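Q: Chain residues, written in single-letter form:
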Amino acid sequence: MRTDDAPAGAAERASDPDARDAVSSQRDVPDARERLSDHESEGAHAVISVRRLAKVYRMGQTSIPALRGVNVEVARGEFVAIMGPSGSGKSTFMNLLGCLDRPTSGEYWLNGREVSRLSADAIADLRNRHIGFVFQGFNLLARATALANVALPLLYAGMPREERERRARRALRIVGLGNRLEHHPQQLSGGQQQRVAIARALVNSPSLLLADEPTGNLDTRTGMDIMAILQRLNGFGLTIVLVTHEADIAAYAQRQISFRDGLVVSDQAVTQQRSATDELQELLARRSADGAGGEPVRIREEQA
Amino acid sequence: MTTSRIPTTRATAAPARRAARGAGAGAFASRRGLMLGPSVQSALEALWANRLRSLLTILGVIVGVAAVIAVVTLTQGTSAVLNARVAGLGTNVLTITPGATTTGGARGGAGTRQSLTQADADALTAVPHVANVSPLLSANTQILAGAQNWNTRAQGVYPGFQAIGNWQMAEGTWFSQADEDNAQPVAVLGQTVVDNLFTPTGTDPLGQSILMNGQTYQVVGVLQSKGATGFGNQDDVAYIPFATARARLTNATFVSQIQVQVDATDNVDATQQAVTALLEQRHQIAAGGSDDFTVRSPTQFVQTAQQSAQTLAILLIGIAAISLIVGGIGIMNIMLVSVTERTREIGIRMAIGARRGDIRNQFLIEALTLSAGGGAAGILIGLGGGLALTHAFQLPFVLSVVAIALAVGVSMLVGIVFGFYPAVRASQLDPIVALRTE
Ligand SMILES: Nc1ncnc2c1ncn2[C@@H]1O[C@H](COP(=O)(O)OP(=O)(O)OP(=O)(O)O)[C@@H](O)[C@H]1O
Ligand SMILES: [Mg+2]
Chain A
1 MRTDDAPAGA AERASDPDAR DAVSSQRDVP DARERLSDHE SEGAHAVISV RRLAKVYRMG
61 QTSIPALRGV NVEVARGEFV AIMGPSGSGK STFMNLLGCL DRPTSGEYWL NGREVSRLSA
121 DAIADLRNRH IGFVFQGFNL LARATALANV ALPLLYAGMP REERERRARR ALRIVGLGNR
181 LEHHPQQLSG GQQQRVAIAR ALVNSPSLLL ADEPTGNLDT RTGMDIMAIL QRLNGFGLTI
241 VLVTHEADIA AYAQRQISFR DGLVVSDQAV TQQRSATDEL QELLARRSAD GAGGEPVRIR
301 EEQA
Chain B
305 MTTSRIPTTR ATAAPARRAA RGAGAGAFAS RRGLMLGPSV QSALEALWAN RLRSLLTILG
365 VIVGVAAVIA VVTLTQGTSA VLNARVAGLG TNVLTITPGA TTTGGARGGA GTRQSLTQAD
425 ADALTAVPHV ANVSPLLSAN TQILAGAQNW NTRAQGVYPG FQAIGNWQMA EGTWFSQADE
485 DNAQPVAVLG QTVVDNLFTP TGTDPLGQSI LMNGQTYQVV GVLQSKGATG FGNQDDVAYI
545 PFATARARLT NATFVSQIQV QVDATDNVDA TQQAVTALLE QRHQIAAGGS DDFTVRSPTQ
605 FVQTAQQSAQ TLAILLIGIA AISLIVGGIG IMNIMLVSVT ERTREIGIRM AIGARRGDIR
665 NQFLIEALTL SAGGGAAGIL IGLGGGLALT HAFQLPFVLS VVAIALAVGV SMLVGIVFGF
725 YPAVRASQLD PIVALRTE
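Protein chains in written order, with this note's numbering: chain A, 1 to 304; chain B, 305 to 742.
Extracted from the complex, chain A is given alone in its bound form (with noise of 0.2 Å):
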């Protein structure tokens, strides 16, 4: 069932045209030309710039230093792979670029901005409007159906009921879910419920979408179409850090950093990239060829 969700989603994103326009047709949003100069602005920066960014943990008597003193830059259009040993601070960076944590010390620049000088309120807008997160556990409102987990962001963005629904039922297209609006958490797979997560990092346009080992929960396959969906929206431009403690799955990034020990050990360009899409055409290609099933059919159709 899983392994069938990734053809069926690419089949109907190819079919549906609003949907291959989706991103694009954003542009056309009122007074986009007016907030143009402002990001054109921080353009001169880097969405991320991370220096001697140290964390210490303190449990009673106990200090644990999770962080190091880490330097970082990302700059904007970055698929950046974050590796490294079970509790070597990779979760703990990504909670501090999210800005859902402080840093003990150091400075955390986002798109220009020093985070540690601004408000609560001010970071619950930051994370609202600059930064999607994606958890490897999904994190969705069972109670909510994926529209309404997607349109959350906007709620909190402030912007009227029509306009969210309009976002979220696009962003949910561009996922390759929009047959599955009205569906609970409960009544999707893994992989579907990462997209609808996805989806809802996407929906309040972020200029950084962070992503803890995102296809922790999920198999190989359902992997590589999640993998697939962020390096098409990276395509896009979006700026990706995504933790993983697979080889394969960091391969896919542009970009892969090594934690250990709470410091940064190594930091590299890849040099041969992964394209999942690619993969996952190919995977699917050599199982028509052993004759299962009609997905071939429905590839075809996204090619037309």
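Treat the hints with care, as some may be off.
Said to hold, decoys possible - Looking from chain A toward chain B, a few residues come up when the C-beta cut is under 7 Å (computed): (1) 121; (2) 122; (3) 128; (4) 133; (5) 141; (6) 155; (7) 156; (8) 216; (9) 219.
Simulated from the structure, these hints should not be mistaken for lab results. On a predicted model such as this, the values are computed, not experimentally measured, just so you know. From the three backbone atoms N, C-alpha and C, an ideal C-beta is built for every residue, glycine too.
Starting from the known structure of chain A, fit chain B with the ligands onto it as the hints suggest.
A: Quick look at chain B with the ligands alone, frame taken from chain A:
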């Protein structure tokens, strides 16, 4: 092989596109304050998900509000009746009852102590401005007329009581002074008595014989109806001469009460003092001693009744207040449970950009929805109960807008007061800790 990849043109156009998308969100940079509509909707969803629990939680509020509304409806009906009775009584009748007035005007054991006599009543005729005086002897009795029977209140009064009670005749006449002097077995019947004894057989009551306490009386008159009001029906009565009552009905030496009609409304206060002074003298009560009787003017009479109604109302409203507080604590308890249960949800909401204020408002609105729902249910139940009670006591049903507004206000206040702490607690959660909670 690369057919389904994003075309390169798209990729190169991406930065500008992304910028434009960022601007899309920026266009809605100004947040709306409470986001009331969606918050109420999500509150209703959350409460509906635990509907039994929600119902049990608001039971206290329902009971409290229902009690307030029912009591207020009852009290309003009562005072409507009392006010009507003041008008019916005539504003110039003094009522003297045995027993002392306690402080605050509530009657203490009225009627239980025996202190008034016929001689007292006769002596009062000498007081200036007194137009009519009548002692009253009351007894509950059964009347038989042919095969029909009816239980009513028989009252022995002087002929002058017709004027005191402001009674009009429907048929026949009131009994005469001669009837009183000779203790004649005659009776004047109220409309309700006639309706029950004579109307079923279609007999004209005038001149008919009836049996009261095994003795025969002749019906000489039928009273015009005063209409049914609460606290017993004024038309459910049979008047007989005082002397007859004393001789045939009860052998009591003391009278139930004495009523005095003053010649003009302006003289009521002076006459009340004169009557009191005369009775104190007759009963040998020293100045400063406590009277063994009470003289009430019509307004005082009504005030006394209203005061006791108010005392009851205050008592019940006190109970309602306790019920509301208990209900509020129930709401607080459930909201705290709800916050704990939904810690992860709170974390998710914070991660996607909810401010602390948004989280606080969400839970506050949820508590408010609970208590307002309880208030609304309480109002409906209270109105139903009030309707039933006023119907049972034959009181008019008066819809009190003030009471309803008050109930709405109080129940909302309960929600805000008791929902505030859990809501603030929810808003103070650390997003990471909340997200990690299972
Ligand atoms: N809330 C916390 N309180 C105390 N110590 C913590 C807390 N969160 C993390 N740590 C500690 O900080 C260190 C880094 O943890 P972190 O979760 O960042 O690791 P990680 O690289 O994400 O590991 P994994 O790959 O297992 O997810 C660990 O030693 C961990 O025990
Ligand atoms: Mg981790």
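Q: Confirm or reject each hint.
A: Structure-based check of each hint:
no.: 1; hint: 121; in the structure: holds (5 Å)
no.: 2; hint: 122; in the structure: violated (9 Å)
no.: 3; hint: 128; in the structure: holds (2 Å)
no.: 4; hint: 133; in the structure: holds (5 Å)
no.: 5; hint: 141; in the structure: holds (6 Å)
no.: 6; hint: 155; in the structure: holds (6 Å)
no.: 7; hint: 156; in the structure: holds (4 Å)
no.: 8; hint: 216; in the structure: violated (15 Å)
no.: 9; hint: 219; in the structure: violated (22 Å)
The earlier numbered hints that this structure contradicts are 2, 8, 9.
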